Amino acid sequence: MKAFLRAMWPCTLRGRLSLVALATAALVMVVLTVVFNAVVRDHLWRQADDELRTRAEAVATTVDTRSGPVRVRETADDALLDTNVWIYAGPRLLEHPASAPVGGSLTTAVARLAAHATSWCTTFEDRGPVRLCSRPVGEPPPGTAPGAVVVTALDLSPYRASADTMLLASLALGAAVLACTYILTRLAVGRALHPVRVMTGQATRWSAAVSDERFGATVRPVELAQLGVSLDGLLDRIRAVLRHEQQLTGELSHELRTPLARITAELDWWRARPRSAEETQATHARLADAAQCMRTICDTLLDDARDSARTVPGTTSILPVLRHLTARAPTDGAATVTVSCSQTLTTGVPAALLERIVSPLLDNALRYARSRVLISARQHPDGSVRVEVVDDGPGVPDSFTGRLFQPGRRADPGDGHGGAGLGLPLARRLARSADGDVRHDARHAPGAAFVISLPAA
Numbered sequence: 001m002k003a004f005l006r007a008m009w010p011c012t013l014r015g016r017l018s019l020v021a022l023a024t025a026a027l028v029m030v031v032l033t034v035v036f037n038a039v040v041r042d043h044l045w046r047q048a049d050d051e052l053r054t055r056a057e058a059v060a061t062t063v064d065t066r067s068g069p070v071r072v073r074e075t076a077d078d079a080l081l082d083t084n085v086w087i088y089a090g091p092r093l094l095e096h097p098a099s100a101p102v103g104g105s106l107t108t109a110v111a112r113l114a115a116h117a118t119s120w121c122t123t124f125e126d127r128g129p130v131r132l133c134s135r136p137v138g139e140p141p142p143g144t145a146p147g148a149v150v151v152t153a154l155d156l157s158p159y160r161a162s163a164d165t166m167l168l169a170s171l172a173l174g175a176a177v178l179a180c181t182y183i184l185t186r187l188a189v190g191r192a193l194h195p196v197r198v199m200t201g202q203a204t205r206w207s208a209a210v211s212d213e214r215f216g217a218t219v220r221p222v223e224l225a226q227l228g229v230s231l232d233g234l235l236d237r238i239r240a241v242l243r244h245e246q247q248l249t250g251e252l253s254h255e256l257r258t259p260l261a262r263i264t265a266e267l268d269w270w271r272a273r274p275r276s277a278e279e280t281q282a283t284h285a286r287l288a289d290a291a292q293c294m295r296t297i298c299d300t301l302l303d304d305a306r307d308s309a310r311t312v313p314g315t316t317s318i319l320p321v322l323r324h325l326t327a328r329a330p331t332d333g334a335a336t337v338t339v340s341c342s343q344t345l346t347t348g349v350p351a352a353l354l355e356r357i358v359s360p361l362l363d364n365a366l367r368y369a370r371s372r373v374l375i376s377a378r379q380h381p382d383g384s385v386r387v388e389v390v391d392d393g394p395g396v397p398d399s400f401t402g403r404l405f406q407p408g409r410r411a412d413p414g415d416g417h418g419g420a421g422l423g424l425p426l427a428r429r430l431a432r433s434a435d436g437d438v439r440h441d442a443r444h445a446p447g448a449a450f451v452i453s454l455p456a457a
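The sequence shown begins at 1 in the working numbering and counts up by one.
It should be emphasised that the hints constitute simulated quantities derived from the structure, not laboratory data. What you are looking at is a predicted structure, and each value in this text was computed from that prediction instead of being measured. Glycine is no exception: its CB is placed at the ideal position from the N, C-alpha and C atoms. Be aware that a few hints might be false.
What the hints assert, rightly or not - DEER-style ranges, computed between Cβ atoms: (1) 30 <-> 184: 47 to 57 Å; (2) 372 <-> 213: 17 to 27 Å; (3) 180 <-> 157: 27 to 37 Å; (4) 282 <-> 371: 24 to 34 Å; (5) 437 <-> 284: 32 to 42 Å; (6) 432 <-> 372: 23 to 33 Å; (7) 27 <-> 161: 21 to 31 Å; (8) 184 <-> 51: 41 to 51 Å; (9) 295 <-> 221: 49 to 59 Å; (10) 237 <-> 445: 36 to 46 Å; (11) 237 <-> 184: 32 to 42 Å; (12) 27 <-> 188: 50 to 60 Å; (13) 179 <-> 157: 25 to 35 Å; (14) 225 <-> 187: 15 to 25 Å.
Kindly produce the complete structure, drawing on both the sequences and the hints.
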């Protein structure tokens, strides 16, 4: 049974609301129909009783109980006495309708009613429903029986037929009302849900195309406006996720470019002419180092994308990391790299993360430096560690300093240097993920200076 009800229950909100409205209307119609027909039947029975009492009053005026034996006076219209009227003087039957024989079941029921000698009405079921009402005649002394009793009868078949007709009519009207209620509810709910369907389609299209369209620009009812605000929030989060994914892809491409170039150069150099065993082993070592560097880059960026970089504990000695970076730096340029750092200076970030923060700054410095690059690290009075990367190049134009850390922005795209404008934003983002920061020191001139702030060990 439960499976059947579950299968019959509508799957759409429109169908469910229509079914609920239909069930509610049906319950109301059943109650109204029962109450209405009960009132109608009670009114018809009261109307029949009033007619019987009126006839009994009229007949009572023809009965003389004041002198001698009870007798019935002659009237101008004796047909009144022949219309289902019985007159009893005690147990003696004075008058009865010609259609009701003395020994018949109806006359017997009338005799039992007259024996009570009170005003009373009852229903007798014979070949049809018959309503009987009795009325004592005269005002006898207290404790004595009345001189005569008049009993009138009325066939209730027309009244019952009227009540049945009213019941059928009310049932038909209720069915029509329920049908109209269901149809109108479906139409109204469908019209009310139309904006929701439109908003659903718009949300699907806008999320797929990363559109700037939003629902808040359109005036809607309060409920739909609240739904629009929620959908706008979801679209913004989807857009942020997609933007973060694009940024991660660009950063991986940017960071992997250098070790891939090293691998390509080593392979080209190794295939240029036959090499000795020692040279081959050295090439293999450099290839393995470049591959390990790529793996470190991927692990660091993916850990940061999963927001796990700040959960990785560690204490890193800064000098070995800086020396490792300078040893891997390209030597084809004219600039020389100098490292100034204490042997005992440490920071509270993993070595791989420190390398990924400093590496873009060092690459930029080597790209634009004229003769030298200085990397210095020291303990700041506030307890943090400061790493400065300084070059003697042209520096950062004043007009570009506000966009320096925006992804994909370069001061002069046509300057002949490679780069996608992702290194500085990546360095700042990674530093901030470790509760540090990267900033540009505009006071340094000539050249450019970048200061890395990192937590102490």
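Checklist entry - Do the Cβ positions of residue 237 and residue 445 conform to the proposed distance bound of 36 to 46 Å? => result Because 43 Å falls inside the window, the suggested range holds.
Next on the checklist: Within 32 to 42 Å: is that where the Cβ-Cβ distance between residue 237 and residue 184 falls?
Outcome noted: Between residue 237 and residue 184, where Cβ atoms are some 40 Å apart, the hint holds.
Checklist entry - Do residue 437 and residue 284 keep their Cβ atoms within the hinted range of 32 to 42 Å? => result Given about 39 Å between the Cβ atoms, the range holds.
Item to check | Distance restraint evaluation - residue 180, residue 157, Cβ atoms, bounds 27 to 37 Å | outcome: 34 Å Cβ-Cβ, so the 27 to 37 Å window holds.
Item to check | CB-CB spacing for residue 51 and residue 184 relative to the 41 to 51 Å hint | outcome: 44 Å Cβ-Cβ, so the 41 to 51 Å window holds.
Item to check | Outcome for the supplied range 24 to 34 Å, where the beta carbon pair is residue 282 and residue 371 | outcome: holds (29 Å)
Checklist entry - Taking the CB of residue 372 and the CB of residue 213, does the distance hold inside 17 to 27 Å? => result violated (52 Å)
Next on the checklist: I want to verify a distance hint. Is the separation of the beta carbons of residue 30 and residue 184 within 47 to 57 Å?
Outcome noted: violated (19 Å)
Next on the checklist: Looking only at beta-carbon atoms, does the pair residue 432, residue 372 fall within the given range of 23 to 33 Å?
Outcome noted: Given range 23 to 33 Å: holds, Cβ gap about 29 Å.
Checklist entry - Given a hinted range of 15 to 25 Å, is it respected by the beta-carbon distance of residue 225 and residue 187? => result The hinted range 15 to 25 Å holds for residue 225 and residue 187, with Cβ atoms some 24 Å apart.
Next on the checklist: Assuming the hint says 49 to 59 Å, is it satisfied by the Cβ distance from residue 295 to residue 221 or not?
Outcome noted: holds (55 Å)
Item to check | Range hint 21 to 31 Å (beta carbons of residue 27 and residue 161) holds or violated | outcome: holds (29 Å)
Checked against the numbered hints given earlier, this structure breaks hints 1, 2 and 12; the rest are met.
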